[in-house]
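Undergrad: Protein chains in written order, with the working numbering: chain G, 1 to 337; chain Z, 1 to 326.
The set of hints was computed from the structure by calculation and includes no laboratory data. Yeah, the Cβ is synthetic: ideal placement off N, Cα and C, and Gly gets one too. Among the hints, erroneous ones may be present.
Said to hold, decoys possible - Simulated DEER-style distance windows between Cβ atoms:
id	chain 1	residue 1	chain 2	residue 2	range
1	Z	Lys-193	G	Asn-109	41 to 51 Å
2	G	Asp-144	Z	Ala-300	54 to 64 Å
3	G	Asp-310	Z	His-97	35 to 45 Å
4	G	Ser-157	Z	Pro-305	54 to 64 Å
5	G	Gly-315	Z	Arg-201	23 to 33 Å
6	Z	Met-104	G	Arg-68	36 to 46 Å
7	Z	Glu-167	G	His-147	46 to 56 Å
8	Z	Leu-116	G	Asp-310	35 to 45 Å
9	Z	Lys-193	G	Thr-34	21 to 31 Å
10	Z	Lys-280	G	Gly-48	20 to 30 Å
11	Z	Arg-201	G	Asn-109	27 to 37 Å
12	Z	Gly-71	G	Thr-190	55 to 65 Å
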Amino acid sequence: MTDSSTPTLEIRDFSLVFDTFDGTYHAIDKVNLTLRPGEAMGLVGETGCGKSVLTRAAFGLVPTPPARITSGSVTLEGRELLGLSDRALRGVRGKDVAMIFQDPMTYLNPVFRIGTQLVDAIRAQSGGKASKAEARALALEMLDKVHLPNPERQFRSYPHELSGGMRQRVLIAMALAAKPKLLIADEPTTALDVTIQAQILDLMAELVEDMGLTMIMISHDLGVVAQVCSRVAVMYAGKIVEDAPIRQIFDAPSHPYTQGLLAALPHPFKPVDKLASIPGSLPDLLNPPEGCRFAARCAKAHAACAAPVDFRTVGPGHEVACTLYDLAETKELAHEH
Amino acid sequence: MSTDMLSIRNLDVHFPISNGQVVRAVDGVTLSLKPGETVGLVGESGSGKTTVGKTVLRLVEATAGEIDIDGLDVRAAGQKGLKALRRKAQIIFQDPHSSLNPRMTIRRAVAEGLILNTSLRGNALREKVAEMLIAMGLPPQFHDRFPHELSGGQKQRVCIARALVLEPDLLVLDEPTSALDVSVQAQILGVLKDLRLSRPRLTQLFISHNLAVIRFLCDRVAVMYLGKIVEEGPVAEVFGDPRHPYTRALLSAVPVPSAVERPERLRLTGDIPSPANVPKGCAFHTRCPIAKVGVCDTRAPEPVPLSSGRQALCHFADQTKGALSA
Numbered sequence: 001m002t003d004s005s006t007p008t009l010e011i012r013d014f015s016l017v018f019d020t021f022d023g024t025y026h027a028i029d030k031v032n033l034t035l036r037p038g039e040a041m042g043l044v045g046e047t048g049c050g051k052s053v054l055t056r057a058a059f060g061l062v063p064t065p066p067a068r069i070t071s072g073s074v075t076l077e078g079r080e081l082l083g084l085s086d087r088a089l090r091g092v093r094g095k096d097v098a099m100i101f102q103d104p105m106t107y108l109n110p111v112f113r114i115g116t117q118l119v120d121a122i123r124a125q126s127g128g129k130a131s132k133a134e135a136r137a138l139a140l141e142m143l144d145k146v147h148l149p150n151p152e153r154q155f156r157s158y159p160h161e162l163s164g165g166m167r168q169r170v171l172i173a174m175a176l177a178a179k180p181k182l183l184i185a186d187e188p189t190t191a192l193d194v195t196i197q198a199q200i201l202d203l204m205a206e207l208v209e210d211m212g213l214t215m216i217m218i219s220h221d222l223g224v225v226a227q228v229c230s231r232v233a234v235m236y237a238g239k240i241v242e243d244a245p246i247r248q249i250f251d252a253p254s255h256p257y258t259q260g261l262l263a264a265l266p267h268p269f270k271p272v273d274k275l276a277s278i279p280g281s282l283p284d285l286l287n288p289p290e291g292c293r294f295a296a297r298c299a300k301a302h303a304a305c306a307a308p309v310d311f312r313t314v315g316p317g318h319e320v321a322c323t324l325y326d327l328a329e330t331k332e333l334a335h336e337h
Numbered sequence: 001m002s003t004d005m006l007s008i009r010n011l012d013v014h015f016p017i018s019n020g021q022v023v024r025a026v027d028g029v030t031l032s033l034k035p036g037e038t039v040g041l042v043g044e045s046g047s048g049k050t051t052v053g054k055t056v057l058r059l060v061e062a063t064a065g066e067i068d069i070d071g072l073d074v075r076a077a078g079q080k081g082l083k084a085l086r087r088k089a090q091i092i093f094q095d096p097h098s099s100l101n102p103r104m105t106i107r108r109a110v111a112e113g114l115i116l117n118t119s120l121r122g123n124a125l126r127e128k129v130a131e132m133l134i135a136m137g138l139p140p141q142f143h144d145r146f147p148h149e150l151s152g153g154q155k156q157r158v159c160i161a162r163a164l165v166l167e168p169d170l171l172v173l174d175e176p177t178s179a180l181d182v183s184v185q186a187q188i189l190g191v192l193k194d195l196r197l198s199r200p201r202l203t204q205l206f207i208s209h210n211l212a213v214i215r216f217l218c219d220r221v222a223v224m225y226l227g228k229i230v231e232e233g234p235v236a237e238v239f240g241d242p243r244h245p246y247t248r249a250l251l252s253a254v255p256v257p258s259a260v261e262r263p264e265r266l267r268l269t270g271d272i273p274s275p276a277n278v279p280k281g282c283a284f285h286t287r288c289p290i291a292k293v294g295v296c297d298t299r300a301p302e303p304v305p306l307s308s309g310r311q312a313l314c315h316f317a318d319q320t321k322g323a324l325s326a
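Let the hints inform the model, and build the full structure from the sequences given.
TA: Written out as structure tokens, the structure is:
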């Protein structure tokens, strides 16, 4: 939003494989991703598309071996992260890059009070510089920011005494206490009920708006992403296939996979007669096709899909990895959409 | 009443917990399904929707109330009656992987119900099983595979095939697509919708927290909150003009996958109260934006009948027409 010269996060040409007994599994293939300060981006895809592996591996959270990063670079405000020592990466995680996950209970220690865990985390984030009293004050301030009712009382509660929505608020407070440059939210509302999910999404949208939070929100649900993010990248089989402003994804989805995903969704306020399903299944990533990884399931596949596919720009800030847009007539079609 | 395929009357399911307290998982639920009808049961965790489904098949014992399946009294059924009942009524669960025996081929899994309940054996049995699996989109090369060799969507098809091979009249589906990806969910929903044409007598009780899925599949919907049905009616009407504030809040909380067409948000504060300690009066009054002091916190509402088979459990249900519309 402010300084457009240095992106908060820049992932370039990032590839990752897993060495397995069956061969080399090409989990992430040449992914590019740029996130500017204050931007909230959704990363959407189905199970196994690599969305979680990508965001974890970028910050050294995927054990190597079995994983192996074969190419690329990851820079956080211009600083290269790949190749940093474990110790240096530990300084980045939690402080510069914070993460929240799907199941908040798993990430809280059941035998310590909420307050103790927050204070410990905040002191660790400060490198031991913050005193207990300072950490406590900041913890209470953060709990207030995430609208946890009765922060003073909850400070003394154990995780099991809190509901799922409240636990997620605690983790968001913990993650944001260090004022991280980037928040990774990996399916933060998937384990929550719809009305509670709506509350957490409201909170996240508010944090993005008011605190200028820069965020990647991973989800399998385009609807969830639409509540918070201004941009969305769609992943399929280890590749980003479309990257667009959120409205464009719904108004003019351009990759056949994105179109398929949207056509497969039932709608709560519209009668739908038939849902389109995507025939076939994911390609075998032990022997991935050289060209478009979606081609085998794509109704519009043609000869050019067998060769590696680059991104084409089809609108302002709207890129798609599909050869269809080289053909003049489809280009026009996309815009009529 | 006798024409209903499933009839649930004043069903209570209470679970005792420590120090004499009782969790009122299901509290006075009345619901009936006509033959061939698909009814959605929607609610958040702890609303009791799954308990209703399990009680219908007597996988959980009811505390009070009556359940009839096609005229058969489920609660009074003995050993023999139960065996007949389980043939008539089948259930499909959320996680197909944990519902299939990992050491049985899928052919064997589907055959088992037939072996236990019919005299089909040998080639006739084999053919019937193969026919069923093929109808569910699983070609013969799959039939000798084990569950771990199949994808989630394929496993859920096996579960549906296993349920349908006994030609039940009633199918209880407990979140059958929640564990699946959207593109696979679309396939399973397609299979279930096609069943409505190919088996016109098959009655489905579809339990889900996903309102979009209910809208796609169901004729009628019943919305549950803390063990009670708070609103019931034809799905298009309930979703188009919700009359209970909880229904409205639920509908407006759904993340809609489009940049436009969002109903105005009705925000709920707080969490669902514990079913061990249900609020007095209307159970929803602690979170309700239109609750009136002196009414909702003291008097429990009675179901208010509305037009065309609709009803809502709210003191103000007949005053909210249009006012709460999504």
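Undergrad: What hint numbers does the structure not satisfy?
TA: Of the numbered hints, 2, 4, 5, 8, 9, 10, 11, 12 do not hold.
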